[in-house]
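Undergrad: Okay, here's what each chain looks like letter by letter:
Number of protein chains: 2
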Amino acid sequence: MDKADDPRPGETRRDPPRIGEAVVHFIGRCRTPYATRADCPRQGALDGPLCRLEIDPDWADALDGIERFARLDVLYWLDRSRRDLVTQNPGKDGALRGTFSLRSPVRPNPIGLARVALERREGAVLFVRGLDCIDGTPLVDIKPERCAYTPLAPAKAADRADG
Amino acid sequence: MDKADDPRPGETRRDPPRIGEAVVHFIGRCRTPYATRADCPRQGALDGPLCRLEIDPDWADALDGIERFARLDVLYWLDRSRRDLVTQNPGKDGALRGTFSLRSPVRPNPIGLARVALERREGAVLFVRGLDCIDGTPLVDIKPERCAYTPLAPAKAADRADG
Numbered sequence: 001m002d003k004a005d006d007p008r009p010g011e012t013r014r015d016p017p018r019i020g021e022a023v024v025h026f027i028g029r030c031r032t033p034y035a036t037r038a039d040c041p042r043q044g045a046l047d048g049p050l051c052r053l054e055i056d057p058d059w060a061d062a063l064d065g066i067e068r069f070a071r072l073d074v075l076y077w078l079d080r081s082r083r084d085l086v087t088q089n090p091g092k093d094g095a096l097r098g099t100f101s102l103r104s105p106v107r108p109n110p111i112g113l114a115r116v117a118l119e120r121r122e123g124a125v126l127f128v129r130g131l132d133c134i135d136g137t138p139l140v141d142i143k144p145e146r147c148a149y150t151p152l153a154p155a156k157a158a159d160r161a162d163g
Numbered sequence: 164m165d166k167a168d169d170p171r172p173g174e175t176r177r178d179p180p181r182i183g184e185a186v187v188h189f190i191g192r193c194r195t196p197y198a199t200r201a202d203c204p205r206q207g208a209l210d211g212p213l214c215r216l217e218i219d220p221d222w223a224d225a226l227d228g229i230e231r232f233a234r235l236d237v238l239y240w241l242d243r244s245r246r247d248l249v250t251q252n253p254g255k256d257g258a259l260r261g262t263f264s265l266r267s268p269v270r271p272n273p274i275g276l277a278r279v280a281l282e283r284r285e286g287a288v289l290f291v292r293g294l295d296c297i298d299g300t301p302l303v304d305i306k307p308e309r310c311a312y313t314p315l316a317p318a319k320a321a322d323r324a325d326g
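The listed protein sequences derive, respectively, from chains Z and E. Using the numbering used here, you'd call the opening residue of the first sequence number 1 and step up by one each time. Using the numbering used here, you'd call the opening residue of the second sequence number 164 and step up by one each time.
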């Protein structure tokens with residue numbers, strides 16, 4: 001972590017929660033035009049620059065059928081973020097906000113979530129627009145965007161009860 | 164894993180990708196009316212039953228300011244899911260689909276993503292509607308829902324360039 005990662009006035013840090021833990025296996029990498037954090041937009045745009053999601057070639061088959069979705073939810077691991085801030089001062093104005101009320105990359109599990117537009121697939125690579133992360137950021141998951149998605153399996157009683 | 168986790172005909176498994184890995188620290192637990200996977204709806208509904216997100220009390224301050232958002236993105240760890248299937252047969256009809264073209268809980272990093280309606284906060288507990296997971300599922304992250312969220316920090320050059 002560099003100097004820019006030092007807490008700002010009033011920000012508080014805490015040890016990690018001790019509920020339990022699990023291991024994430026990165027599935028690939030995000031390739032973007034953003035070399036540094038200063039280059040990254042605060043939020044990606046669906047008409048932003050073309051980026052690539054490069055999947056481990058061993059897992060390429062896991063992309064089969066993805067072309068039918070125009071929008072994807074992409075989860076990635078913001079591996080340069082500190083993880084110990086409970087409150088933050090995003091406006092640098094002394095007004096503190098809880099970490100879970102922000103979409104800041106600084107959070108106990110630094111998982112970024114972007115909705116992207118899928119342009120095309122070439123083997124183990126997806127071409128997308130809408131990423132906001134540094135080039136090389138590890139990929140954690142790719143899912144069809146929730147609003148566009150209808151489960152393929154039949155509805156269950158609990159779906160109907162839920163209305 | 165129980166018998167229901169056995170691969171169906173045609174489904175293929177693979178070792179985890181070896182790009183790299185990271186540790187997730189669970190931040191709390193989801194409390195839902197669903198005791199088993201058979202009880203869970205395939206997708207939660209914003210007018211579904213009232214559920215709770217119980218955060219580690221040490222991290223309660225990280226919820227400060229969250230009441231201003233009506234919708235949240237919730238990430239949770241589907242700790243009973245197998246992680247090794249590259250293709251799946253969700254309709255049980257022999258039509259195989261890649262794991263990343265599904266929102267199935269079976270995926271290399273079994274992170275569920277739900278959009279929920281926030282009803283109220285009581286200390287380290289959020290009352291929400293829209294979860295679809297088993298009672299006790301570990302929580303990974305909570306963020307303001309992306310569509311409702313405007314960054315508090317000023318826009319950067321890259322935002323403007325991105326349109």
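If you're looking for bench data, these hints aren't it; they were derived computationally from the structure. Source: prediction; values computed, not measured. Be a bit skeptical, because a hint or two may be false.
What the hints assert, rightly or not - Chain Z side only, calculated, beta carbon under 7 Å to chain E, not exhaustive: (1) I19; (2) P57; (3) W59; (4) A62; (5) W77; (6) T99; (7) R103; (8) P105; (9) N109; (10) K143; (11) E145.
Just so it is clear, CB atoms sit at the ideal spot from N, CA and C, and this is done for glycine as well.
Undergrad: Give a verdict on every hint.
TA: Cross-check of the supplied hints:
1. At a threshold of 7 Å, the smallest CB-CB gap from Z:I19 to chain E is about 4 Å, leaving the interface hint in force.
2. For the restraint placing Z:P57 at the interface with chain E, the shortest Cβ-Cβ distance is roughly 9 Å, beyond the 7 Å limit, so the hint is violated.
3. Satisfaction of the interface hint for Z:W59 is found here, the shortest Cβ-Cβ separation to chain E being roughly 6 Å, below the 7 Å cut-off.
4. The interface hint given for Z:A62 holds, since its Cβ lies 4 Å from the closest Cβ of chain E, which is under the 7 Å cut-off.
5. Given hint, Z:W77 at the interface with chain E, holds; its Cβ is 6 Å from that chain's nearest Cβ, closer than 7 Å.
6. Evaluation of the Z:T99 hint against chain E yields a held restraint, the C-beta minimum of about 4 Å falling below 7 Å.
7. Evaluation of the Z:R103 hint against chain E yields a held restraint, the C-beta minimum of about 5 Å falling below 7 Å.
8. This hint is violated: Z:P105 has a C-beta 11 Å from the nearest C-beta of chain E, more than the 7 Å allowed.
9. Interface hint at Z:N109: satisfied, since its Cβ lies 5 Å from the closest Cβ of chain E, which is below the 7 Å cut-off.
10. Using the Cβ-Cβ criterion of 7 Å, the hint placing Z:K143 at the interface with chain E is satisfied: the shortest such distance is roughly 5 Å.
11. The interface hint given for Z:E145 is broken, as the beta carbon of that residue sits about 9 Å from the closest beta carbon of chain E, more than 7 Å.
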